[in-house]
Every structure is written in structure tokens, then in C-alpha cells.
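Generate the whole structure from the sequences, applying the supplied hints.
Going down the list, the sequences are from chains R and B.
Here the first sequence is numbered in full-length UniProt numbering, starting from 1 and rising by one per residue.
Here the second sequence is numbered in full-length UniProt numbering, starting from 1 and rising by one per residue.
Keep in mind that the hints were calculated from the coordinates and are not lab data.
In this text the structure is predicted, and so the values were computed from the model without any measurement.
Ideal placement from N, C-alpha and C gives every residue a C-beta, glycine not left out.
Please note: incorrect hints may appear among the correct ones.
[Unchecked claim] Estimated spans, in silico, between C-beta atoms of each pair:
(1) B:32 with R:132: 52 to 58 Å
(2) B:606 with R:127: 18 to 24 Å
(3) R:330 with B:272: 22 to 28 Å
(4) R:118 with B:339: 41 to 47 Å
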Amino acid sequence: MFEVIIAIGAILLVVILLTLFRIGTLVNVVKGTDKKVVSASNKVNAALMIVFMLAGFGFFFWYSFTYFEDYTIPVASVHGANVDTTFWITTGVTGFVFVLTNVLLFVFSFKYQHKEGSRATFFPDNVKLEIAWTVVPAIVLATLVFTGLRAWNNITSPASDDAEVIEVLGYQFAWGVRYPGVKDNQLGDYDYRLINDKEGNLFGIDVTDENSYDDFVPLEMHIPKGKEVLLNIRARDVLHSVFIPHFRLKMDAVPGMPTHFKFTATKSTQEMRSELGDPEFDYFITCTEICGRGHFSMKLKVIVDEPEDYEAWKAEQPTWLKLNPDYLDKVPADKRELAIIKAGINKEELEASL
Amino acid sequence: MATADIHITEETHHDGHEHDHDHHGNFWTTYIFSTDHKMIAKQFLITGIFWALIGGALSVIFRLQLGFPEAQLEWLRPILGGWITPEGKLDPEFYLALVTMHGTIMVFFVLTAGLSGTFANFLIPLQIGARDMASGFMNMLSYWFFFASSVIMFISLFIETGPASGGWVIYPPLSALPQAVNGSGLGMTLWLVAMALFIVSSLLGGINYIATVINLRTKGMSFAKLPLTIWALFLTAVIGLLSFPVLFAAALLLIFDRSFGTSFYLSDIYINGEALPNQGGSPILFQHLFWFLGHPEVYIVLLPALGITSEVIATNSRKPIFGYKAMVGSILFIAILSFVVWAHHMFVSGMNPFLGSVFMLLTLIIAVPSAVKVFNYLTTLWRGNIRFTPAMLFSIGLVSFFISGGLTGIHLGNSAIDIQLHDTYFVVAHFHLVMGSASFFGMLAGIYHWFPKMFGRMMDAKLGYIHFWLTFVGVYLVFFPMHYIGIAGYPRRYYSFTNYDVFNSFSDLNMLVSIAAIITLAAQFIFLFNFFYSMYRGRKASANPWQSNTLEWTTPVEPGHGNWPGEIPTVYRWPYDYSKPGAKEDYIPQHIPFSMTPESNLPHENDMIKLEGDEAKVVVNEKK
Chain R
1 MFEVIIAIGA
11 ILLVVILLTL
21 FRIGTLVNVV
31 KGTDKKVVSA
41 SNKVNAALMI
51 VFMLAGFGFF
61 FWYSFTYFED
71 YTIPVASVHG
81 ANVDTTFWIT
91 TGVTGFVFVL
101 TNVLLFVFSF
111 KYQHKEGSRA
121 TFFPDNVKLE
131 IAWTVVPAIV
141 LATLVFTGLR
151 AWNNITSPAS
161 DDAEVIEVLG
171 YQFAWGVRYP
181 GVKDNQLGDY
191 DYRLINDKEG
201 NLFGIDVTDE
211 NSYDDFVPLE
221 MHIPKGKEVL
231 LNIRARDVLH
241 SVFIPHFRLK
251 MDAVPGMPTH
261 FKFTATKSTQ
271 EMRSELGDPE
281 FDYFITCTEI
291 CGRGHFSMKL
301 KVIVDEPEDY
311 EAWKAEQPTW
321 LKLNPDYLDK
331 VPADKRELAI
341 IKAGINKEEL
351 EASL
Chain B
1 MATADIHITE
11 ETHHDGHEHD
21 HDHHGNFWTT
31 YIFSTDHKMI
41 AKQFLITGIF
51 WALIGGALSV
61 IFRLQLGFPE
71 AQLEWLRPIL
81 GGWITPEGKL
91 DPEFYLALVT
101 MHGTIMVFFV
111 LTAGLSGTFA
121 NFLIPLQIGA
131 RDMASGFMNM
141 LSYWFFFASS
151 VIMFISLFIE
161 TGPASGGWVI
171 YPPLSALPQA
181 VNGSGLGMTL
191 WLVAMALFIV
201 SSLLGGINYI
211 ATVINLRTKG
221 MSFAKLPLTI
231 WALFLTAVIG
241 LLSFPVLFAA
251 ALLLIFDRSF
261 GTSFYLSDIY
271 INGEALPNQG
281 GSPILFQHLF
291 WFLGHPEVYI
301 VLLPALGITS
311 EVIATNSRKP
321 IFGYKAMVGS
331 ILFIAILSFV
341 VWAHHMFVSG
351 MNPFLGSVFM
361 LLTLIIAVPS
371 AVKVFNYLTT
381 LWRGNIRFTP
391 AMLFSIGLVS
401 FFISGGLTGI
411 HLGNSAIDIQ
421 LHDTYFVVAH
431 FHLVMGSASF
441 FGMLAGIYHW
451 FPKMFGRMMD
461 AKLGYIHFWL
471 TFVGVYLVFF
481 PMHYIGIAGY
491 PRRYYSFTNY
501 DVFNSFSDLN
511 MLVSIAAIIT
521 LAAQFIFLFN
531 FFYSMYRGRK
541 ASANPWQSNT
551 LEWTTPVEPG
561 HGNWPGEIPT
571 VYRWPYDYSK
581 PGAKEDYIPQ
591 HIPFSMTPES
601 NLPHENDMIK
611 LEGDEAKVVV
621 NEKK
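Here is the structure:
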């Protein structure tokens with residue numbers, strides 16, 4: 001019943017609008033305004049240009065300043081601060097041009113609206129002006145390019161040798177992280193053909209490589225504050241993209257082609273929580289490359305620890321091999337002893353379970 | 001010499017046309033399988049409008065999801081069926097299909113075919129003074145390939161597994177593996193087939209536009225006297241001809257990967273509990289190939305709109321376009337640069353960072369000719385005598401969008417800043433303003449401006465004003481807030497943000513955007529009414545209702561087959577002699593010889609009189 005009333009209302013509204021339109025047209029015909037090249041509406045449109053400009057800029061400045069805290073997210077990495085600086089310099093320059101050119105556009109439209117008996121100025125070209133507004137933007141852009149280039153080169157330069165290496169793996173629809181382990185500090189080899197979700201080998205870890213024995217695969221990502229971290233990023237099914245907004249960090253995860261991103265975190269999770277006054281706050285990785293049904297839900301908690309807490313956390317993580325002792329059988333016989341030691345497997349427990 | 005020869009054949013040709021005038025073809029040859037460029041233009045236009053409605057409707061559906069995440073969408077079940085989950089929500093995979101199809105439809109079917117297809121077909125012969133396109137038959141084929149492509153794309157919306165849903169950029173492996181997402185099954189196959197046909201259509205059209213502009217210009221119509229619309233459409237066709245084949249190649253390789261077990265884009269994949277045998281391929285290769293078309297595509301969409309705007313702004317400011325040569329130069333420069341900036345879409349794709357620096361440099365260079373265009377538009381308005389026709393309003397709106405959206409391109413072209421902004425709503429805001437809305441406004445400006453020539457009647461101006469103001473304010477309300485959402489780091493193509501505290505603070509802004517989107521779409525129905533009503537009941541147009549200089553306004557109110565009943569007019573001057581000092585009227589059309597306007601001639605133009613020859617004298621005598 002309700003729908004019928006709405007439908008009737010809508011139809012009536014359309015009929016009223018059509019009638020108004022028809023009346024308007026007929027009035028124009030009677031008055032003869034439809035034959036004029038320029039009607040009275042010209043003034044209205046010109047005035048609306050100014051109204052739109054004032055209202056538009058009003059909202060723009062009001063929102064930009066009042067809600068500044070809401071739409072900017074705090075930065076927590078060394079290079080992130082540079083990225084932000086570059087961003088705000090660019091925003092300053094473009095913001096100025098944005099206001100200037102839009103003001104000129106609307107003000108000219110209003111000021112030079114049609115006036116009966118007046119004539120436009122015949123002004124087809126002016127070489128000096130044109131050179132000026134080719135050269136000036138070119139110089140400004142060159143400056144911006146060089147600021148950006150410096151930041152970009154710093155960000156993409158190779159990581160230092162003592163950087164903390166962590167592997168990030170994207171898959172439908174979650175992130176996995178793997179650490180090189182405390183004993184050898186080397187990530188073990190992997191092969192996508194060894195991946196087996198049922199048996200717990202999400203990463204395709206190759207147990208014939210000794211470096212893999214002390215690798216561990218925690219459920220959250222921990223990183224140390226103030227120490228360079230190198231993410232080795234890969235994907236095993238489709239494209240994903242590692243995005244950690246607070247670190248200004250983004251890099252695609254590509255199947256078959258490992259990618260990298262290095263950064264240094266500057267604020268621990270605790271510090272960020274007290275800065276924001278939000279005890280629930282956590283850093284996170286999310287996905288920014290469309291990857292299917294669960295694209296929007298690929299979230300992984302990231303915790304920034306003080307360096308000593310980080311080392312302590314690392315030391316107490318059980319190795320992957322320890323959690324998946326079935327894989328011991330796949331370790332070559334001559335390396336099994338080493339594997340048991342490096343993986344920190346308690347021999348008696350192992351024998352008891354067998 | 002070549003032009004002279006062609007001119008002679010043209011003239012003998014035209015005698016034949018005079019006979020044609022009396023007997024009309026039947027319904028099928030006039031309206032369906034027409035080879036007349038004006039009818040083909042209208043076919044492109046109507047199909048484009050159809051697609052724009054579909055594309056707009058899709059966007060409103062996903063805006064409902066984003067603006068009102070808690071809303072019950074059960075009432076959409078009669079239309080969407082199983083895509084509404086039992087809980088009355090939008091299916092997350094269907095959400096991806098919606099954004100994918102919205103993008104594909106808007107970029108290719110509306111703003112490429114609907115815009116270029118309509119105005120290149122309609123304007124090129126009329127503005128250069130030709131009877132028709134170089135090949136009417138190829139032109140017809142171009143439309144029918146587009147139609148076939150449209151039918152297939154449309155069908156893909158209704159299949160059980162849903163249309164393609166890997167984003168309009170269809171990056172593999174997602175688009176190559178039906179295991180990864182349902183839309184990569186039959187939906188993706190249909191997408192690829194439709195796009196292959198679309199590319200054929202584009203190439204057939206493009207070759208024709210280029211051949212026509214080069215060979216069929218009327219006497220006196222040198223390249224330096226071409227209206228800017230033609231320059232823009234001509235260079236657009238050149239860009240399309242060079243870049244679309246690359247997309248074709250990319251799509252072909254993808255088809256091989258999908259159906260014939262090759263590994264161009266696939267490597268080291270484990271999906272659904274199974275390791276695939278493909279090794280050695282590179283997903284990045286596809287991205288390079290795709291964006292080699294994808295970036296020029298931006299200009300394929302935008303340049304015709306800028307061309308139309310140049311014409312409309314000059315006419316309605318009653319002033320010559322400022323810096324004609326600079327305008328042509330910047331179109332040319334943009335066209336060239338558009339081929340060497342593609343990898344700025346891939347700064348964080350994992351490609352070599354050194355490439356990133358190179359592409360960043362090239363990308364920011366392209367801002368210079370764009371800036372020149374903006375300043376030239378502003379100077380054209382300066383000290384004009386502006387008439388706010390609906391077309392003029394939409395052109396001013398275009399310039400505003402071009403500024404606002406273009407400037408954020410400087411952020412995104414900077415690879416360091418792009419790290420944070422890539423694939424966030426900031427990008428969505430940027431390209432919807434600078435390319436989507438600007439081109440859409442160019443298309444609307446073109447329709448309002450050339451409607452009288454297309455249908456012999458005027459559109460209602462008042463409805464046009466209402467349409468403009470609602471759309472202009474609506475578009476800004478939809479896309480401007482997205483900048484803030486993007487700076488806050490909201491990623492694109494997210495079905496929902498509810499499980500992120502950081503990303504959950506903009507529900508009010510998102511609601512505003514969605515409401516604005518609905519109002520903007522609703523406002524387009526005012527245009528639709530105006531369009532179809534005016535086609536039959538609009539006020540009768542005069543031959544030159546805007547008092548414009550270009551050649552199309554010298555044709556009869558409704559030009560027949562062959563465009564001019566008599567001889568094609570000869571061109572003597574550039575198309576922008578508005579408000580020339582000394583002239584009686586504030587416009588002097590292109591076909592008026594200098595010998596007729598001694599009162600307003602500039603010194604070097606007086607020298608031209610000697611070169612004008614006998615034909616000009618004929619025109620003078622007729623006028624007297």
C-alpha cells in the first residue's frame with residue numbers, strides 16, 4: 001500500500017513538473033524571449049557563478065581546517081616524514097594555483113557576462129604572456145620533481161646489511177609473515193610447489209635448506225622501533241599490495257616476482273597509543289590491490305616494539321618446524337640432527353610423541 | 001596539387017548528390033545500416049547515452065553500499081536477484097563486478113565511443129567541409145562492431161557467474177584464474193571478446209577520421225585554419241590508432257593464458273590447494289602493455305572534450321580563442337607525451353625504481369601543456385562578452401574540473417607521494433574529476449551546442465541551466481570529499497571499511513557522497529527529457545543559432561546527405577574571427593573572403609585578397 005502511495009506521489013510530481021515546464025515555455029513564446037540571443041537568465045547564471053565560488057571555497061577552507069586532525073593520519077616512519085613534507089609542499093603550491101585559477105574562472109565569467117551594446121576585446125595572442133605561463137609552471141614543476149626525486153631515491157635505495165629482514169606473503173585473503181630466526185638470521189628457501197595448506201606449509205618452506213630450520217611464522221607482525229626493516233614481499237596466488245598507512249609504505253606483492261620495501265619505524269605501538277589517546281590503537285597491514293571477494297578484509301596487526309622487547313619477543317617464538325614436526329621426516333637424514341637443534345625441538349618430547 | 005585534384009573529384013561527385021536528395025532510403029538504410037556520418041554519429045550518441053545510464057546506475061548501487069553500509073537492500077532483489085545475500089546485503093563479489101563494469105563502461109563505451117564516436121563522426125566532415133567520411137562503409141562497420149561489442153558486454157551483466165570483476169584494468173593473475181574470483185570465468189571471456197570487437201571498431205573509426213581530415217578538407221581549409229575541435233579529434237584518432245593495438249595484444253596474450261595454457265603473465269601460483277604448472281610469466285608485463293594503452297586512453301577521452309570546449313568557449317565569449325597556435329601545440333605535445341608516461345600507474349608495482357624516477361620526470365612535464373591550456377581558456381574569457389548557453393556553462397564547468405582534478409595529478413605523478421596515495425580514494429577523486437567528469441561535461445557541452453545541427457531544433461535552455469547547476473554542484477560534492485578520504489588512506493575497491501577503526505571515521509562524508517551521487521544521476525533525467533522532447537517538440541532552430549564561425553553552420557538547418565545542397569563553401573579565414581574591430585557583426589564565418597570585409601581586415605589580411613581569386617568575387621556579388 002505504502003509503495004502505491006509513493007508511486008502515485010512520484011507520478012504527480014512528474015506531472016506537475018511537466019506542466020510547469022510547459023507553462024514556462026508558453027510564457028517565453030508569448031513574451032518573445034525565446035527569440036533573443038541572450039535572455040535574462042544570463043545574469044542569473046553569471047551571479048550563480050559567484051555564489052558557487054564563494055560557497056565552494058567556504059566549504060573547502062572550513063572542512064580542510066576544522067577536520068584536519070580527522071583526515072590526516074599520524075606518521076610513524078623516517079621516510080614517511082619526508083613523504084609527508086613533499087606532500088604538503090605540493091599541496092601548498094597546487095592549493096594556491098587551485099584557488100587562483102578557479103577564482104579567475106568564475107570572476108571572469110561573472111565580470112565579462114554579456115552586456116547589451118558592448119563588444120568583446122579582439123585579443124588572439126600574446127607571445128610574452130604565453131612564454132611566461134609556459135616557463136613559470138615548468139620551473140615550479142622542476143622544483144617539485146627534484147624534491148620528489150630525492151625522497152624517492154632515498155626510499156628505494158638498497159637496505160643496509162644489518163637491516164631486519166622479514167618476509168611478507170599475500171594470499172587470498174590474509175597476510176603471512178616469516179622471520180629468519182634467531183639462530184642463523186637467514187630466511188630459508190621456498191618453492192611454491194611445496195606449498196601445502198593442509199599440512200601447514202603456507203609459505204612453501206623448503207626443509208632441505210638448513211636456513212629454514214629456525215624460521216618462525218607468527219600470527220602478528222612485530223618490528224623493532226628505530227631499526228631498519230626490510231620487507232621481502234611476495235604473493236602466491238594473485239596480486240596483492242602491502243599497505244601500512246602509518247608508515248607511508250606501499251608495495252605490490254607479485255606472484256613469481258619478489259618485491260622489497262625498507263623503512264624504519266619511529267614510534268612504538270605504546271607511544272602511538274598514548275599520542276592518540278587511544279589504548280586500542282594498532283598498526284596494521286592492509287591490501288590495496290584488488291584481489292577478489294575478501295580484498296577489503298586482508299588485515300594483519302603490526303606491533304612496533306622497543307628494540308629490547310622485540311629481541312625478547314623473537315627469542316620466545318617457537319620455530320615453524322617445531323610447530324610442524326611432521327616435516328622433520330622430509331628433512332634429509334644427514335641434516336635431521338641439525339634441524340632438531342636449530343628448530344629448538346625438545347628431543348624427549350619428540351620421541352614421546354613418536 | 002593533391003588537394004586540388006581531390007577538390008575536382010569532389011565537385012563532380014556532388015552533382016550526383018543533387019539527384020540523391022529527392023529520393024530517401026527506406027527505414028533500414030536511413031536509420032539502421034546508414035553510411036551517412038551524421039546518422040552514424042547519432043547512433044553512437046544514443047548508444048553512448050544508453051551506456052551512460054547503465055554505468056551511472058551501477059555506480060549508484062555501489063554508492064548505496066558505501067554510503068549506507070547498514071542499509072537493507074532487500075528491495076533490490078527483483079533486479080539483482082542472487083546478488084543480494086540472504087541477509088539483504090550486496091554480495092562482496094558483485095560489488096567488485098559493479099566497480100569493474102562501471103569503469104569499463106564509462107571509460108570505453110561512454111567516453112571513448114560515445115564522445116569521440118559521436119563528435120568525430122558528426123563534426124569532422126561538417127567542419128572541414130566534406131560531403132561525408134572518406135569511407136562511409138568503414139564508418140558503418142565501425143558502429144556495428146561497437147554495437148556487437150556492446151551487446152556482448154551487456155549480456156555479460158546477466159550471466160550466472162557475474163560479469164568481469166577484476167577491476168577495469170583486469171590485472172592478471174586475478175583476471176586469468178576463474179578459481180580466484182567468479183567473474184574471471186565466463187564474465188571475463190565475454191569482457192575480452194567485447195573489448196576485442198571494441199578495438200576493431202575504434203581502429204576502423206580512427207583510420208577513417210585521420211584519412212578524412214588529411215584528404216577531404218575543402219578548398220582553403222589548411223591545417224592552420226582547422227577549428228580546434230578538429231585538431232583535437234584528429235590527434236585523438238592518431239593516439240587511438242597507435243595505442244589500441246597494444247591493448248589488443250595484451251588481451252590476446254591474456255586469452256592465451258586463460259584458454260591455451262601459456263604463461264605470459266602467470267608464474268609460481270598456488271591457488272585453491274593446487275600449484276599451477278605455469279612458470280616464467282610476469283604480471284608486470286601485462287601492466288606495462290595495459291597502461292601503454294591505458295594512459296593514452298585518458299587523453300583519447302579528454303582531448304575531444306577539450307576541443308569541444310575550445311570551440312564553445314570562443315563562440316560564447318564572442319572572442320577568438322587565445323593562443324590558437326599554443327592550443328594546437330599543447331594538444332600535439334600532450335599527444336606525444338601521453339605515450340611516455342604510462343608507468344606512473346605502476347610506481348609501487350615492483351618495477352625497477354629507476355624507471356619510477358624517469359616516468360615521474362616525464363609525467364610532470366605533461367602538466368606544462370595542460371597549464372597552458374587552462375591559462376588560454378581563462379584569457380579567452382577575459383574581456384569577453386559572455387553568453388551563458390547551456391553548452392557554455394558545461395564548458396566552464398569542464399575547465400573548473402580540469403583545474404581541480406589536474407592539480408592533484410601533480411601529487412600522484414610524484415612517485416614519493418604516490419607511495420601513500422596509490423590506489424586510495426585520492427586517485428579516485430583525481431581521475432573522476434580530470435578525466436571522467438571533465439570529459440563528461442565536454443560531451444554534454446557538445447550535445448547542447450550541436451543539437452540544433454543534429455536535429456534541427458533547439459533544446460530548452462532553462463532545463464539546460466537546471467541540469468548544469470545540479471550536475472556541477474553534484475559532481476563536486478561527490479568527488480571533492482574523496483580527496484580527504486584518500487589522504488586518510490582509504491583504499492579503493494573496498495566493499496566495506498567497518499573492520500578498520502582508522503578507516504571508519506568518514507561514514508558521514510561517505511553518506512554525503514552517496515546522496516550527491518544519487519541526486520546527480522537523477523538530474524540526468526532532466527537532460528534525457530530535454531533531449532528527447534526537444535528532438536520532436538523543441539523550438540525550430542535557425543541555420544546558425546549561436547552565431548558561430550565554423551563551416552557546419554553554413555549548411556541548411558537540417559543538412560541532408562552530402563551536407564551542402566550546392567557547392568561546398570571555400571574557406572578564407574581561421575574560425576575565430578569574433579568581435580573583430582571594425583566588423584559590422586561580432587562574428588565573421590570562415591567562408592567569408594577578406595575582400596568582403598575591408599573594414600575589419602588586418603594589414604596582412606589585405607594582402608590575402610589578391611590570392612583569393614575569382615571564386616571569392618562570386619561570393620561578394622551574391623552577397624551584394
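Please check whether residue 118 (chain R) and residue 339 (chain B) have a Cβ separation lying inside 41 to 47 Å. Between residue 118 (chain R) and residue 339 (chain B), where Cβ atoms are some 45 Å apart, the hint holds.
Does the beta carbon distance between residue 330 (chain R) and residue 272 (chain B) stay inside 22 to 28 Å, or does it fall outside? The hint (22 to 28 Å, Cβ to Cβ) holds, given that residue 330 (chain R) and residue 272 (chain B) are roughly 23 Å apart.
Cβ-Cβ distance between residue 32 (chain B) and residue 132 (chain R): within 52 to 58 Å? 54 Å, holds
Does the hinted range 18 to 24 Å hold for residue 606 (chain B) and residue 127 (chain R) at CB? 23 Å, holds
Of the numbered hints stated above, none is contradicted by the structure.
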